[in-house]
Each structure stands twice: as C-alpha cells, then as structure tokens.
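Protein sequences appear in the order of chains A and B.
Be aware that the first sequence starts at 1, since it is given in our numbering, and climbs by one per residue.
Be aware that the second sequence starts at 1, since it is given in our numbering, and climbs by one per residue.
Keep in mind that the hints were calculated from the coordinates and are not lab data.
You may find that some hints are simply not true.
What follows is a list of derived Cβ distance ranges for each label pair [to be verified]:
id	chain 1	residue 1	chain 2	residue 2	range
1	A	LEU14	B	GLU347	47 to 57 Å
2	A	GLU315	B	GLY455	42 to 52 Å
3	A	ASN466	B	ASN464	25 to 35 Å
Derived pair list, reagent style DSSO-like, types lysine-lysine, alpha-carbon separation capped at 27 Å [said to hold, decoys possible]:
id	chain 1	residue 1	chain 2	residue 2
4	B	LYS41	A	LYS226
5	B	LYS253	B	LYS31
6	A	LYS184	B	LYS119
7	A	LYS226	B	LYS465
8	B	LYS346	A	LYS219
9	A	LYS107	B	LYS223
10	A	LYS442	B	LYS253
Far from chain B by the CB rule (all over 12 Å, computed), these chain A residues [to be verified]:
id	residue
11	ILE16
12	VAL74
13	LYS107
14	LYS335
15	ALA422
16	ILE557
Where a beta carbon is used, it is the ideal one built from N, C-alpha and C, also for glycine.
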Amino acid sequence: MFKLLKKFNRKDVLIILICVVLISFQVWLDLKLPDYMSKITTLLQQSDTGINSILEQGGYMLLCAGGSLLSAIVVGYLASLLSSTFSKNIRKKIFEKVQSFSMEEIKKFTTSSLITRTTNDITNVEMLISMGLQLLIKAPITAVWAIFKILNKSWQWSAITGVAVLILLTMVVMLMIVVIPKFKIVQKLIDNINGLTRENLLGIRVIRAFNAEKYQENKFEEGNIKLTKTQLFNQSMMGIMQPVMYLIMNCITLAIYFVGAYLINAAGFPDKISIFSDMVVFTSYAMQVIMSFLMLAMIFIMYPRASVSADRINEVIETFSTINDGDVEEENYIKGEVEFRNVSFRYPDSEEYVLKDISFVAREGETVAFIGSTGSGKSTLINLVPRFYDATEGEVLVDGVNVKDYKLNILHNKLGYVPQKAVMFNGSVKYNVSYGDNGKEKASLDKIKEAVRVAQAKDFVEKMSNTYDSNIARGGTNVSGGQKQRLAIARAIAKDPEIYIFDDSFSALDYKTDYILRNELKKYTKNATCLIVAQRIGTIINADKIIVLDHGNCVGIGTHKELLKKCSIYKEIAYSQLSKEELENE
Amino acid sequence: MSNDEYKSKPRNHGPGPRIAEKPKDLKNAIKKLILYLDKFKPLIVIALILAVVSSILSIIGPNKLSDLTDIIKEGLITGINFEKVKSISVFLVTLYLVSAIFNYIQTLIMTNVANNFAKNLRSRISIKINRLPLKYFDNNSYGDILSRVTNDVDTIGVTMHQSLGSLVSAITLFLGSIIMMFATNWIMAITGIVASTIGFVFMFIILAKSQKYFTLRQIELGKLNGHIEEIYTNHNVVKAYNGEEESLEKFDKLNEKVYECNRKSQFLSGMMQPIMSFVGNFSYLAVCVVGAILVMNNEISFGVIVAFMIYVRLFTNPLTQIAQAMTNLQSTAAASERVFEFIEEKEMDDEKNIKKRLHKSKVKGNIVFDHVKFGYNNDRVIIQDFCCNVKPGEKIAIVGPTGAGKTTMVNLLMKFYEINSGDITIDGESIRELSRENVHDLFIMVLQDTWLFEGTIRDNIKYNKENVTDEEIMQALEVVGVDHFVKSLPKGLDYVLTDNDSISAGQKQLLTIARGMIKDAPFLILDEATSSVDTRTEELVQKAMDKLTEGRTSFIIAHRLSTIKNADLILVMKDGNIIEQGNHKELMNKNGFYAELYNSQFKK
C-alpha cells in the first residue's frame, strides 16, 4: 500500500498538505461549536437574557458551522481530485507496464488476472484513498485535540476513556489478524470467477455442442460458493465492529456518569457543581475521541481489501519485462537478413529445450520455410525474431545486428508478423489493416486497398455494408476464420516490412486462395524476406530454403527437391500429403 | 458495441448501435432490485424488525440517561440516591447490550442476504451466458460481460449490506424522534423539521446529480474494461506492430472519461456528509432561538429546550445516515441496472414444449437439408437455397473457398442459429421439433479453435461425461497419437493445462479430438479440425477418424483436400450454394471448380 502511495507526486503532496490545513481548521471549528452551544445554554438559563445576545452567539455558531462546511467541501473536492487522478495515473501505469511485458510475464500473470488488476483492484485502492484520506487526516487531529481538551479534568474519567480506546484497538487489531489473510484469498477467488466466465465465453460453441452447460455452471457454482463463503466470513467478522463500537460509546458515557456520581458525592460542596459541569463537557469530548477512533476503524474496514489490491498492483508495476530495449536505432546497409547462430531455447521454468542449436541465414528476398510435426518448435523459433521470447543460448540477428541490441520498435518496424491465430481489433477494416505504427506515415487508403487486394480479401471486404469502413467486432467475431486470417495478412502487407513472418498463417485458407495469395505476395514483395511456418508442403514447395524441425532439432536444410532426396522426415511429411506421382511430377 | 473513435472521419453513417448515455431510471432499478430480492424477503423483514427494535432502544437510551443526570443534579445538594443510580445503570447496560446484540444479528442477516444475493446474481449470469443465442456474442464484448460478473455484482454485494440495515434503523430513529418532538411541543417540532427540510432538499438535488455520474461511471468503466481485455489478449500483435502508442492513446481517452465521471460522482457524494452536519447545527440553532422566544413568553420551560436539543440531534443524525445509505443504494442501483439488463436479455427459444426426442442409440443417421436459407443478418443471406440428402453412414465433405458458408452449415446443423426458411431433418424429424440439447447430444463436434479449459488433461478429455475410466482416456489419446506426449508431462493425466501454456496448437487440437472421441454420438462434425495439426500427425488422426466415422454419418469441413479424398460425397460450396457434388474421382473428371481447387495446391 505505502509503496503505491509513494507514487504521489509533488502536486499531490501539496494537495494533501492543503487538506491537512483545511481539515485542522475544520476540526478547530467543530470543537469550537460545543463552546458556543454551552454559552447559549447558559444564556437560556439566565432569565434576563434578551433575544439579541442569543442571536449573537448563534451567529458565531453559524459562522463556525458554515466555515466547517466550506472547508469540508473544498477538502471533498480536493480529495476526489486526488483519488481519481491517482487511480487514473496508476491505471495508466499498469496498462503501459503490461504493454511492455513480454509473453513470458503475460504467461506468468495470466491475462484474466492482469485484467482484474487493471480494473477491480484499482477501484479498491481508489475507494480507500477517496474516503480514507480525509478520515486518516481528520481522525488523529480530532483525537489529539479532544484529548488535549479533557486532560487534567479527572484521572478516573481519563482512565475510563483510555480503557475504552484500548478495547477498541485490541478488537480492531484482532480482526485485522483474522481477516486480512482471508482478503487475499477473496481476490484470488474473484480472479477464479473471472477466469471461469471467460472460459465459458470463449468456449461457448464447444460447451453447447457437448451439452456441457450444466458442467460449466456447476464449475462456476463451485467457485461462486467458495467466494461467497469467504466473503461471508469476512463481513461477519467485520460486522462485529460496529455494534461493539456503539456499545462502548454508550457504556463510556454511562461509566463517566456513574463514576461522576461517586466523585461528586465524595467532593466538598464548592467543587460539586464544577465537577458536575465538567462531567457533561467531558462526555461530549470523550465521545469525540471515540468517534475519531471509529473513523480510523472505518479505514481499517476498507484497508485490508485495498491493501491486498495494492500488493497485486505493485506486483505488476514492479515486474520488469525480461525483454528490454536495446539502443541500436540507425539503419544498416544490410537489409532483410535474418540469421540464427547456434540458437537454443527453453522456457525459463522448464528443463527441456524446445529448440537446440539452430543455425541458418535468410538473405534479402529469400523465402525460408519451417516444417515439422506438431510441437517441433517451429512457432517458437519464429517467435524469437520479434523477441516475444529471447533465445536462451546463441544469437538471433536481423540485418546483421543482434535482435537484443535493437530498440524494439525499430526491430518491429522491419517485421511483418502474422500470428497463428489471427487477431482483430474492434474498429473498421481500415483501422485493422493499417493497425500500429511502422515508423512511417499511416498507410493511405490506396495502400490499404492494395494490401487487402494482395491478401485476397478484396472480394469480401467490398461486399461488406460499409466496405473499408465496416466495423469488425471485438475479437473479429463477425468475420470467418479465413477472412480474419486474410485481414491479418493484409495488415502485415500494409506495413511494407523488410521481413515477413508467417506463423502458420495460411491454415484457415483453402488451397486456391492460399496459392493465389502467395503468388500475389511474391509479385508484390520482390525484395522482402519471408519466414514461413507451414503445415502444407504445397505452401512451401517453392521456398528457397526449407528447414525441417524435429523435436527442436534441425534435421534438414535445403530445397524441396534436395530434401526429398536426403531427408527422411521431410519425405515422410511430403508423402503423407501428396501422392508419389504428384511428387514426381515436380 | 460500436466504436468510431478510431477514425478521423466525424461520424459513422451506418446504423451501428450507440450507447445511450442518458442517466437511467433509479426508481425502476430499485423496483427491480426488490423484485429480484423476492426470495430473501422473509430474512430481510426479520433483519429490518431487529433494526427497528435496536433503534427504538437507542431512542429510550438518552431519555434514561437524562433521568440519571437529573438524579445526580438533584443530589448535588441533598446527596445522591445511589440506589436509583445503580438501578438505572443496570437497566441501561442491559439495554445497550440487547441493542448491540440485535444490531449484530441484523448485520449478520443482511450480510448473508447481500452475499447470497450476489452469489445468486453471479450464478444467474453464468447460466444466462449459456442461454443466450450465439448472435448475442457477435455483438457484445466479453470484457463487458466480465465486468458485470465481477465489478457490478461486487458493487451490489458490498453496498447492499451496508445500506439496507442502516437505512431502516435511521428511518426508525427519524420517525421516532418526530413523534417524540410533536408529543413535546408542536411549534418547536415544526421549527426543527423545517430547518432540517432544507437539508433534505440539498440532499436530493445532490443525490440525483451524483446518480447520473455513478451510472456513467459504470458504463465508462465497462468500455475501458473492453479495451483493456482486447489489448491484453492480443498482446503479441500489439507488440509486433508497435501498436502500443495507439492503444495507449485510446486507453487515455477512455481513462479520461472514467476519471471525469469518477471525480464528479465522488465529489458530489462526498458532499452529503458535511452538508448534513451543517444542517444539524443549523436546526440546533433554530430550536434554541425559537425556544428562547417561547421561554421568554413563558410558553415552555427550559427543560423542553434541552429535550429538543437531543431530539434535533436524533432527528438530523439519521438524515446523515440516510444520505449515506442512499449513496450506497444508488451505486447498488446503478450496478444492478447493468446486471439485470444482462439477465433480462432475450434468451433462445424455450423448448419446454418439445416432447419429441431422438435417442442416440436408435438414430439411423439420415439427414436432409431441404431448401435451407439463412443469413446472420436479415440483410445478407449467406446460405441461399441449400438442398442435400445424406444417407446413414456416409462421409460428407464440404469444401469451398473461405466464406462460402461451410462453417455456417455446421452452425445450422447444430441449431446454434435458427434457419430463416426451409428445414433440416434428422431421420425425418425436423430439428425445429427437437430440443437443442437433443440435437447436440447426437453430434460429436470438433472445431478449429482449440478450446481447452484450465484444469487437468483428464478433466479436459472426459469433460462432462461421467464414468470415464483412465484406460478409456488413454485409449483415446493413443488413437489420436498424443499418449506419449501426455505421459511425458510431469503428472501425466493430472497435468494442469493453463491459459498460456507452451503446449502447441496442434497438440491442443489433438486433445480436443480425443475429447470428441470420448463422447460417443451417431453424427460427427469436423470443422477444419485438422488444420492446425501437422500433416504427419494428421495422418494418424485421419486413421483414427476413419475408425470413428465407421457407422457414423459424418460431416467434414476441410481445406486440405487430401483429407477428404475418400469421402462418399463431396459438396463443393461457393457463395452459399452447392455448385458441384460427387466423389473425388467424379469431380476430378468433371474438371470443374473442384478440380481447379485441388490442382491449385500443387501449382508453382
């Protein structure tokens, strides 16, 4: 929590200081009110008072109350400004942070947890700051001021107040000890609920096809019950606080009167009246003391949850991407070259290598294809180029420079990456195709149209109701898988990259479209280098170089024909797709 | 959700839906809230009664305390009557204790109600998701729905238990003190009430204003959530395209809006408390002044003023509490409005009337498409006039360029969407006459997108089918060829799959195929199920599938024409219609669209 609060800047601190001053002023006025009240009471008891003197005192009192109101409003304004600015900034900070993460960190946190952290958790902290800040300042000031006023009255009464405060504090501390660990669990359970809902939404067709609605609902219900139980426990515990507070507040007055009765009885006559009036004043101030502790307790009610949320936020903010910017910015004279030098890779939490000692060079204008069985490491290999992950050993070079040395956006500007799973954003076709920033101007409409044409998406895009301005729903749910893939390819084309990376990006296309698209692409991008992960031999048959992967090892490099002769695994793959005659026709 | 903020163009002229940003109906929301709370009414009533009793006790308290003061005051000269002091003290302690206990029981009940209500709402949302037509999800973002399950329901749960109890006890205090006031002196009573009414007016003005911002805030938060979800999920593309700045810009815009609503709603609702305490002081003063005049005119005694000082406090304090409770209640209302909106979304047609049922084991396997016409939107027909008769045990392949309507055929067959006209029959029964559950029961479906959930491999494979032994699971895994892979995982079948696992798409696909195998059904649909499996593995899968298709009527949608060469019937689709049909040889001889499609995969 406090780590988060350190994020306050100088202006925020200034606002807090102003709040402290204003709140002190307010407390001073609030504590002055009883003085005027008692003056009015005394005036009323004197039979000869005119209405004017009452009005005079009343005027002062109203002035005090008005002043208190005014400063409270200003404080309220400042506090709302502070807390919402704070949450806005933190939210932005997290968002920026998450954007800077590599796939590894995303994997560590899981996407759904990151989402809750950016939304729900921040709201929790914000609530504490907006309410808590005022209380946190006001409570101690009131407590100290009020205690100062009642000191030297009677040690017995002070003792009673002290005991009451002690009981309160003990209760609060004990509750905190019991409840805070549970609050941590609550947040996890909320994540779980969130995750289950996401799962249900994403798998909706499968769930329906399996008639598994009940199954999912039961699973959800299980999480739901756990969450409810934990929250019930927490709130029931916290619920003890309020009745006990009131009980103590009531009893303290009673106790002061009760003890007071004995004190008065024991005192000599002249002291009796002064003790009596002290007693009445004392109760009202003692109440102020207790009230201020009550305010503090309110913070304690909010604190645990907010503190857990703050920890979760901190966790994100303090995680640093394992993949950092290099400093190479200038353009090199080499263009479109990708080289792997003895590259090995394993996931940080795993023993086993996914890629072992891979070396190859792709030169400008060349097409290099990767083929191999599922799980052979093709996608992982290609993911090392845009630095979604970093090679564990060896070097990946683009245009002769180690990818780790590049400024990331410079590196990304060189690449046109099309993922396995085509990704769409909520926005127009135009927006989706011209997505991102390639260091040059935003693609013009002509450029977009050209890219869409090359990607074989022209037909369906122009059939859409608003053609290039048609809206693509979030996640691209209103276009088919193949259409999505073609738009994703168009996105890469519109960028004019030096190097294309196709991570099995043709799988949702039928052969004919696949074929035409590749031909058009070749025509369009003569000088661009292509790295293609593919399943179909047909897709890569003309590649300049085919790299055959098996369990992370490179088992063959060469052209289609060469490999047919010398690489048994490649032969196996090829024969499974094409008949012998077809192959021999080549 | 439409979003035209991306474009520099001023407005989207399309008829796309826009979010209504006007403040919604508080009264209606509360009415609905009460309706939804129906089940909890008895408990709420008990809690409220307890709250009332506990407040009445607290009205009695000060009275007794002033008695105590009087006794002490009288005793200043004569000596204090300790018998009476003791008896009053004992009485008061009992009173306080009872009040505290009632109060706590009340809190417990309300906590229970609020949490169970929240739980209920969450369950309802979860169930609702499965009852909505797929169409709904075409138009609504996941982030938005997620935000309702967590943020909104949470708000309801937290605010409700804080607001209802204190609202009732405050109202009791409020009414109780009004009665006491009028019983004592009516002029003074009116003075106190009029002075406080000013507070009321302020309160409601502020309440109305802040309510608007609360609703707006939830809406904006939902939008922001949607954007965050999108960017986080598409992380790799955002990175590769340097889209960070762009998405940050959009984030900033949305964040700014949330901030504005946030600030305003917080400020306004934070103002209530100070205003109310000012009003408290103001009415105190009014009572003193009017009281003084009355005392001077000898109409009342001084004691009445003292009594009124307490009453005015008792009267205005609850006002503050009411204000607080109202603030809470309005966040409840704003959040519940959004939750109810989702819960009340139009569901798929009710199928209770459907009595007919095709039993899995008795299905022969005949499917007829009879002049089927369908479009996702009314203005765009995707399937024109589709006719086809599929005989039991046949293997039907559907091929054609992307967008030809192949997947749509599956959506219709599975009753995911309702057809516009025409009919589909299974063994002569129209699927309109069969429940969705029944239809789904008859099909094994394996889709292109590999959906697996966070859980063990075992749970993922057997899924909702009960009594599946590990042997059967291993067998299925063996058939699809991932048994070695699964065995090599740290815990074998108990290995927990997670969201961002390093297991490849192909392996995931194989697992989903194994899942399909475990579910036994007379029909089989493979919607490009092998497209992310490499061809070597595919051969294995192919063999397994051939085994699986024996005796089953199957539909296979594939791009790789090699996978469907042995199909009994190949339907070649283009633009929603079948343009050619026959087996591989026939179609090749015909030298038409299919042949062209087929040959294109070998062209240079």
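Unmet hints by their number, sorted upward, for this structure:
2, 3, 5, 12, 13 and 15
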